[in-house]
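Asks: On the provided structure of chain B, position chain U as indicated by the hints.
Each protein sequence line maps, in turn, to chains B and U. Numbering that gives the first Met the number 0 applies: residue 0 is where the first sequence begins, and numbers increase by one. Numbering that gives the first Met the number 0 applies: residue 0 is where the second sequence begins, and numbers increase by one.
It should be emphasised that the hints constitute simulated quantities derived from the structure, not laboratory data. This structure is a prediction, so every number in the text was calculated from the model and none was measured. Careful: at least some of the hints might be erroneous.
As the list claims (entries may be wrong) - The calculated SDA-like cross-link candidates involving lysine to any residue, where the alpha carbons are at most 20 Å apart (straight line), are:
| id | chain 1 | residue 1 | chain 2 | residue 2 |
| --- | --- | --- | --- | --- |
| 1 | B | Lys27 | U | Asp74 |
| 2 | B | Lys108 | B | Ser92 |
| 3 | B | Lys27 | U | Ser81 |
| 4 | B | Lys36 | U | Tyr76 |
| 5 | B | Lys97 | U | Glu244 |
| 6 | B | Lys97 | U | Pro3 |
| 7 | U | Lys148 | U | Thr177 |
| 8 | B | Lys27 | U | Leu79 |
| 9 | B | Lys27 | B | Lys97 |
| 10 | B | Lys82 | U | Tyr76 |
| 11 | B | Lys97 | U | Tyr65 |
| 12 | B | Lys97 | U | Phe77 |
| 13 | B | Lys97 | U | Asp74 |
| 14 | U | Lys214 | U | Thr177 |
| 15 | B | Lys97 | U | Phe9 |
| 16 | B | Lys116 | B | Pro153 |
| 17 | B | Lys27 | U | Ile91 |
| 18 | B | Lys97 | U | Pro63 |
| 19 | B | Lys27 | B | Asp94 |
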Amino acid sequence: MLLAAAGVIALLAALNWVPSLMQRDFVKQYNSIDEAKRSSGITTVLIPTYFPEGISWPASFIVAQKRPYQALVMEFSETASGKTSLIVIQSSSPDAEKQFQRIRISEIKEETEFPLKGRSASLRTGTCDNGMSCSSLTWQEGSIYHSVLFMSSPFELIKVSESMIR
Amino acid sequence: MDIPMHMTTFITSYWGMYIAQSVIHSIIASVIAECAILAWTIGSPQVKQSFRLMVIVLSLVSFPIYQFFVPRRGDVYFRLSSLLDSNRWFFIERWGSMPIFIVFTAILAITVVIFIIQELFPILSDMLRQMRTTSLSAPYEADSEIRSKVAGALDGLPFDDRLVEISDDDDLALFSSTGLKPMIYVSTGLISSFSTEHLQVALAHEVAHIQRSRKPLLIFAYLLRVLLFFNPVAMIEFRRLAHEEEKVCDDIAIELTGKPDTLSEAIEMLRPAPEDYEDPGHRGAERLVSSLEYHSHDLLLRSRAARIGRPTQDGPFWGVPIIVAMALIICINYFVV
Numbered sequence: 000m001l002l003a004a005a006g007v008i009a010l011l012a013a014l015n016w017v018p019s020l021m022q023r024d025f026v027k028q029y030n031s032i033d034e035a036k037r038s039s040g041i042t043t044v045l046i047p048t049y050f051p052e053g054i055s056w057p058a059s060f061i062v063a064q065k066r067p068y069q070a071l072v073m074e075f076s077e078t079a080s081g082k083t084s085l086i087v088i089q090s091s092s093p094d095a096e097k098q099f100q101r102i103r104i105s106e107i108k109e110e111t112e113f114p115l116k117g118r119s120a121s122l123r124t125g126t127c128d129n130g131m132s133c134s135s136l137t138w139q140e141g142s143i144y145h146s147v148l149f150m151s152s153p154f155e156l157i158k159v160s161e162s163m164i165r
Numbered sequence: 000m001d002i003p004m005h006m007t008t009f010i011t012s013y014w015g016m017y018i019a020q021s022v023i024h025s026i027i028a029s030v031i032a033e034c035a036i037l038a039w040t041i042g043s044p045q046v047k048q049s050f051r052l053m054v055i056v057l058s059l060v061s062f063p064i065y066q067f068f069v070p071r072r073g074d075v076y077f078r079l080s081s082l083l084d085s086n087r088w089f090f091i092e093r094w095g096s097m098p099i100f101i102v103f104t105a106i107l108a109i110t111v112v113i114f115i116i117q118e119l120f121p122i123l124s125d126m127l128r129q130m131r132t133t134s135l136s137a138p139y140e141a142d143s144e145i146r147s148k149v150a151g152a153l154d155g156l157p158f159d160d161r162l163v164e165i166s167d168d169d170d171l172a173l174f175s176s177t178g179l180k181p182m183i184y185v186s187t188g189l190i191s192s193f194s195t196e197h198l199q200v201a202l203a204h205e206v207a208h209i210q211r212s213r214k215p216l217l218i219f220a221y222l223l224r225v226l227l228f229f230n231p232v233a234m235i236e237f238r239r240l241a242h243e244e245e246k247v248c249d250d251i252a253i254e255l256t257g258k259p260d261t262l263s264e265a266i267e268m269l270r271p272a273p274e275d276y277e278d279p280g281h282r283g284a285e286r287l288v289s290s291l292e293y294h295s296h297d298l299l300l301r302s303r304a305a306r307i308g309r310p311t312q313d314g315p316f317w318g319v320p321i322i323v324a325m326a327l328i329i330c331i332n333y334f335v336v
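So that you can see chain B by itself, here it is in the shape it has in the complex:
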């Protein structure tokens, strides 16, 4: 019986691997932003040039996909604790935030429209599901939806987001 179960597990693992032979555009982890950018097919990837103190560059975790929709996610962590603190998501789908955000705002305290260098962005502040206060900013640029989430007050978040737009 246990042998049969091991066989089922092996078969499932093989079935999970086969699609990557047939199509190479599915979600995958990457080591560099350039590699992820090429794979996602997003022509203009916005990268922050300002980082609040204590946030380390380069990104600690990068994932990207071309199918079923284009998406690229960069996570930056705190230098001291190594915990994810800043998440930048860029995608052709408005649903990507729900799928890709490792940390989410569980309780929204305030939601306002915010002018971000001439773009209309939505600013949310509240508490994230890890219990820390956090804020997020989302806006659309052409066909790409951008979302930046930071484990802090909105002031630093706005600076990070503004540094992405030149």
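Replies: What follows is chain U alone, placed relative to chain B:
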């Protein structure tokens, strides 16, 4: 070609994930259950029914339970480390940029059509027919010879012969209705074709159905199966469970009468002749459906007749295989999204 956004939105939604995972989880559960039946050489139809029911129940409830305890189970990070990510298959494009999800949806659509045509519609029309016949038609009055043959066959069986309704029909028809006033319906064709002994074992089988209806496992399984109307594996497992019910009732009929050989002969006599299913008016698909019905019905009767007399008692610890199989299914399916 880009995959339509509404399709990806649906697949990644709660109900989209529920449908996909329910089907995939039921396939895995069915394979593991089958392996357990083979590994532990389980022969009792009652124990096999428990396995079939387990597959249906787990297909229905596993996804909501997993999501309740781990709400992030459907997100990309969980999928990256999962054993099998269904989305990797659904979004593969083949045959002119058509995602495989469309093929999956087509299979579910066919299952829904089969459910409506073969299970829902017959039940509803039968209910309507019963309501009409009870209010309009008078029961057929059988002659005393036929009545006494039925009474003789029921002698020693725990059933009142007043609850047997005889219909004037040359075909071999025998079935029972359960509920508050259980009844056995038998045709004059069957009464005259069968000897009293054969009639006794056949009636004992129907008595077993009525006795079993006091613990309505099949109705419970059917209700769960209705909730999984889109799931082809649940449909197959429910049908196999219903087939096992016939075997359970065969075993009870043997206990009641002590005549396994006679029951085996009676079942052989009920096997349909090929011409019974050949309607000259049937063409193409109708002919195919008719032929499939004949073969599946005949196969069931043959397997029932063949197993009679073979010992099918399992050991006292038959619950262990079910618990082990269930634990394996729950653990494996958790990592299948």
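Asks: Against this structure, judge whether each hint is valid.
Replies: Results for each hint:
For the hint pairing Lys27 (chain B) with Asp74 (chain U), the CA-to-CA distance comes to about 13 Å; that is within 20 Å, so the pair holds. Restraint check for Lys108 (chain B) and Ser92 (chain B): the C-alpha separation of about 25 Å exceeds 20 Å, so the hint is violated. Among the hinted pairs, Lys27 (chain B) with Ser81 (chain U) is consistent with the structure: their alpha-carbon atoms are about 13 Å apart, no more than 20 Å. Simply put, Lys36 (chain B) and Tyr76 (chain U) have alpha-carbon atoms about 19 Å apart, close enough for the 20 Å limit, and the pair holds.
The suggested pairing of Lys97 (chain B) with Glu244 (chain U) is violated, with an alpha-carbon distance near 46 Å, which exceeds 20 Å. Between Lys97 (chain B) and Pro3 (chain U) the CA atoms are separated by roughly 18 Å; this keeps the pair inside 20 Å, and the hint holds. Under the criterion of a C-alpha separation no larger than 20 Å, the hint pairing Lys148 (chain U) with Thr177 (chain U) is inconsistent with the structure, at around 23 Å. Our distance criterion of 20 Å between C-alpha atoms is met by Lys27 (chain B) and Leu79 (chain U), whose separation comes to about 7 Å.
Under the criterion of a C-alpha separation no larger than 20 Å, the hint pairing Lys27 (chain B) with Lys97 (chain B) is consistent with the structure, at around 17 Å. In summary, the hint linking Lys82 (chain B) to Tyr76 (chain U) is supported, as the alpha carbons are separated by about 16 Å, within the 20 Å threshold. The suggested pairing of Lys97 (chain B) with Tyr65 (chain U) holds, with an alpha-carbon distance near 18 Å, which does not exceed 20 Å. Annotation: proposed proximity of Lys97 (chain B) to Phe77 (chain U) holds, straight-line Cα distance about 13 Å (limit 20 Å).
Distance restraint check for Lys97 (chain B) and Asp74 (chain U): the Cα-Cα separation of roughly 8 Å lies within the 20 Å cut-off, and the hinted pair is therefore satisfied. Our distance criterion of 20 Å between C-alpha atoms is met by Lys214 (chain U) and Thr177 (chain U), whose separation comes to about 11 Å. Distance hint between Lys97 (chain B) and Phe9 (chain U) is fulfilled; the C-alpha atoms sit about 13 Å from each other, no more than 20 Å. Among the hinted pairs, Lys116 (chain B) with Pro153 (chain B) is consistent with the structure: their alpha-carbon atoms are about 16 Å apart, no more than 20 Å.
Of the supplied pair hints, the one linking Lys27 (chain B) and Ile91 (chain U) holds, its CA atoms being roughly 15 Å apart against a limit of 20 Å. Taking the CA atoms of Lys97 (chain B) and Pro63 (chain U), the gap is near 18 Å; set against the 20 Å cutoff, the hint holds. A distance of roughly 18 Å separates the Cα atoms of Lys27 (chain B) and Asp94 (chain B); the hinted pair therefore holds under the 20 Å criterion.
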